[in-house]
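Enquirer: Protein chains in written order, with the numbering used here: chain D, 1 to 430; chain C, 1 to 315.
The hints are simulated quantities; they were obtained by calculation from the structure and are not laboratory data. Be careful, since some hints might not be right.
Here are the simulated lysine-lysine pairs, DSBU-like style, with alpha carbons at most 30 Å apart [said to hold, decoys possible]:
1) K213(C) <-> K37(C)
2) K120(C) <-> K150(C)
3) K252(D) <-> K166(D)
4) K201(D) <-> K401(D)
5) K150(C) <-> K179(C)
6) K403(D) <-> K284(D)
7) K254(C) <-> K179(C)
8) K401(D) <-> K166(D)
9) K225(C) <-> K249(C)
10) K254(C) <-> K213(C)
11) K166(D) <-> K201(D)
12) K67(C) <-> K401(D)
13) K403(D) <-> K120(C)
14) K225(C) <-> K213(C)
15) K284(D) <-> K120(C)
16) K401(D) <-> K120(C)
17) K201(D) <-> K34(D)
18) K225(C) <-> K201(D)
19) K284(D) <-> K134(D)
20) K320(D) <-> K150(C)
21) K201(D) <-> K67(C)
22) K201(D) <-> K252(D)
23) K213(C) <-> K249(C)
24) K201(D) <-> K37(C)
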Amino acid sequence: MTTHPTALSNARLIDPEAGTDTPGTLLIEGGRIKEVLTQDTETPPEFRARNLDCRGRCLAPGIVDIGVKVCEPGARHLESYRSAGRAAAAGGVTTMVTRPDTDPAIDSPETLEFALRRAGEARVNVLLMAALTKGRAGREMAEIGFLADAGAVAFTDCDAVVQDTKVLARALAYAAGLGALVIGHPQEPVLSDGAAATSGKFATLRALPAVSPMAERMGLERDLALVEMTGVRYHADQVTTAAALPALTRAKAAGLDVTAGVSIHHATLNALDVADYRTFFKVKPPLRDEDDRQAVIEALRDGTIDMIHSMHTPQDEESKRLPFEAAASGAVALETLLPAAMRLHHSEGIELPHLWRALSLNPARRLGLEAGRLEPGAPADLVLFDPDAPFVLDRAELQSKCKNTPFDGQRMQGRVLQTWVAGALVHERD
Amino acid sequence: MTFRQNHLLGIEPLHPAEITALLDLADQYAALNRGSKRGDALAGLTQINMFFENSTRTQASFEIAGKRLGADVMNMAMQSSSVKKGETLIDTALTLNAMHPDLLVVRHPHSGAVDLLAQKVNCAVLNAGDGRHEHPTQALLDALTIRRAKGRLHRLTIAICGDIAHSRVARSNLILLGKMENRVRLVGPPTLLPSGIDQFGCEVTHDMAEGLKDADVVMMLRLQKERMDGGFIPSEREYYHRYGLDADKLRHAKPDAIVMHPGPMNRGVEIDGQIADDITRSVITEQVEMGVAVRMAAMDLLARNLRARPRPVTA
């Protein structure tokens, strides 16, 4: 790892904390940001030996992505820490926060330690989440204390929503006592069981088993009531419907320790994209109507939704080459997160510093990390990107072992040029 | 040529002129079926019926249709075959495709499965029902039956009653009758109506009297046994009371209204036995007869298009 003093000069510095987008130079040393210089300040002599001219491209804190599925243990052939790390680096993701929905689930200190060892193979930072209940089965709480001691940064059963409210209430109360962060998947589990689409005209036309968007609101309202009851720190992984947003706004106004995210797919695609049963567009929860997507974007703008996640979910070809309702859910997104997020900038007019709050600063803050900032002392986890570079996405070029992206063949605008983790260059586009 | 399709996957992709052309040809085959019963439009062609879901009536109808036109017909009961051994739908399709069939008739329990299969083969594919999605030959045979009984297939008021939500017959009929510019009413309890159905250009009601008022055609749907108890409706008898077609309810329709049912019927659940047997009102057996004719016409038209285009050999 290079710890030499390095200057990244002539950059467009995207600072989500200050909310600024200004030309300048970033000095890094010892894996951390040393200083942020304005455009007309001379670079100090000791940094001139390694001076990288950014040629006016954007330099921002690296993305902190909560909810990445790496298939270790259990299915390393689908995605290993090594391959996910390559994909993350190629996508400007400098910290992956991985999911425990592996096989077996990461629900004990032993499995967590195994995964932590494997995580060392990734070239970006990896933080692990652990299951909230044993085997993600929703019956007994996991060893939350041991797991937290062993390094789990948050607790979640992922899409296996805890059906038994009493079990969930106790798990949340116990987690609250430890100050642990719990991540929920807001969804009424019985109503959404077996659904492949969001109910409405399109789902009826394609005759797919569908769930009302109201199921998300029900799930969220239940979780938020339990948050109020237990005082736990809570994050909703994906809020994707207009009907669920008022509950979130109310909870925040009431001072509950609540944040929410949305997947990049729900922020950039809608139910009609499924078209003729395209299974790469099958995600969980199912894609929503355009009205919902617009509401989500508005919520990202006003901060009701705090973060954007990739919800990176590798699935092999075979599990997708099936009739839509039988096909697996999920999409890979580590590498497409940034280019897709640029649609929110180019098409929806969200300014880059604001976008980077959702991609980097807010997730970092939520996890108590120093990342996500461009200030002296912060880790030199950085992404250099060209916000305007156009390209057509070819899924064969993805670094992930699985290539199940809905953006295959689509025109994208915005490309990662370099990714730095702790002052070391981990990805460079040639 | 008016009929330009390579497959018959649903009513949705059909142009009204294509529907008319198909029905015109089916009319001729209906006459043939009452006479010599022999044609040669499909002579030398191989027709494979692949049913991933049980069916007696539809499969028999396709088989007879193929045989009357001289095709070599083979039935594959997919329930008991390699599918059980874990073979995927696409692999099954590729395997069959290598045997060079010309017509593939497919029924599958998943919506969209027949579309998926059609992308992988180079013969003509006919959808014999995919999940809750479409059942195009049923809608076409219903259309032919209506046209023969009413003398036209436009500006009619048609009530489709019962389990709309789980019915591919209802979906295909709704689309076809809409394309041909009819007034369609859907009648059923809210639990059996799919969401967003009011945006399909039809009227929706939960009341039989209102739905049947001045209707030219009353189309009843089968209520699946597994949906009768408690889940979607409280009980069979309450359903029959509120939605079963009997003489009282039929009085709201026009005096010359015809009664249809795709079969198999649950007498005393969705339809009163006497109504079903009333030859002055019920055209249920005529529907079955038209089924063979429509399937002959569909396969004939697809075979013509098949012969007209070059077929790459991809085995």
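Enquirer: Can you name, in rising order, the numbers of the hints this structure does not satisfy?
Expert: The structure conflicts with hints 1, 2, 4, 8, 11, 12, 17, 20, 21, 22, 24, although it agrees with all the remaining ones.
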